Each structure stands twice: as C-alpha cells, then as structure tokens.
Amino acid sequence: MAEISDYIPTNGIRYDEAFERLFDMDPRAAELRAMLNEGTESDSAMDQWESTRKRVDLVLRTELRHGALNAYQRDLYTGEQLRLSAKDWEGVAILPGEELSFPPIYFVKSEFETWLSTASDRFRNVQRQPTQPASNS
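According to our numbering, the stretch in the sequence shown is residues 1 to 137, in order.
Hints in this document: simulated from the structure, not taken from any laboratory.
You may find that some hints are simply not true.
No farther apart than 25 angstroms at their CA atoms in a straight line, the calculated lysine-lysine pairs in the DSS-like style are these [said to hold, decoys possible]:
1) 109 - 54
2) 87 - 109
3) 87 - 54
Predicted model only: the values in this text are computed from it and were never measured.
Based on the provided sequences and hints, a complete structural model is requested.
Structure, rendered in structure tokens:
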C-alpha cells in the first residue's frame with residue numbers, strides 16, 4: 001500500500017509542514033506551543049492559539065488565491081504533478097491546512113522558500129492588524 005509520502009516528490013514540502021513553517025514566523029508561536037505543551041488549557045491560551053493559526057491560514061490561503069504561490073497534488077494514476085487552481089482556495093479552511101486531502105497537497109520546496117522569504121513582510125503586517133469581524137454584506 002502506498003504511503004502518503006509516496007505522493008510528495010523529493011523536491012516537495014507537504015502543506016501542513018509549510019503551514020507550520022509560516023506559523024513559526026509569528027513571534028508568539030513558541031510561547032503558544034509552550035502554553036499548550038505545559039497543559040495550560042485556559043480558554044485564553046486556546047483562543048490565542050486558534051486565533052493565531054486562523055490568521056496564518058488566512059495569509060497562506062490569500063497568497064494561494066492570488067497566485068503568489070502554487071500548490072500541487074499528484075495524479076493518482078499517472079504520477080503527474082497537477083497545479084491546483086487559485087479558485088480552490090476560496091472555500092472554508094480546514095486548519096492547519098489540508099491534512100485530510102488525498103492525494104496530499106504540497107509545494108515545490110524552491111518555490112515555497114522563495115515565496116516565504118518575500119511573504120514574511122506581508123505576514124508581519126497582518127499580525128499587526130486587529131482581527132476584524134467578517135462583514136455580512
């Protein structure tokens with residue numbers, strides 16, 4: 001039986017791994033992980049964790065939706081690398097990424113590394129903005 005990793009090329013990085021790399025750019029990431037690892041189960045700790053991860057997911061999905069980064073899946077039968085459409089990122093998120101998708105979603109490492117180096121400024125700008133409720137328009 002094929003393993004999930006069989007569907008990720010050697011030059012690829014899984015969506016969930018890429019998500020964690022982006023999450024780790026948040027200056028509070030280590031502190032949030034430590035609070036959860038220590039068994040701090042306060043509502044405040046969980047709220048901060050979820051809020052930060054949602055913000056990171058929003059940044060990543062926005063970048064994917066605008067074509068700043070390409071995501072891929074392998075065709076199950078041919079093994080061909082298929083680029084996902086930007087429209088695929090308009091839906092509701094499954095945090096922390098697409099762990100449950102099959103075949104798994106991945107990025108080409110070199111493309112991801114280039115994007116990550118340029119996205120860090122945009123990511124930091126989103127962190128500084130207060131969370132706004134979604135408008136009902």
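Hint numbers contradicted by this structure: none
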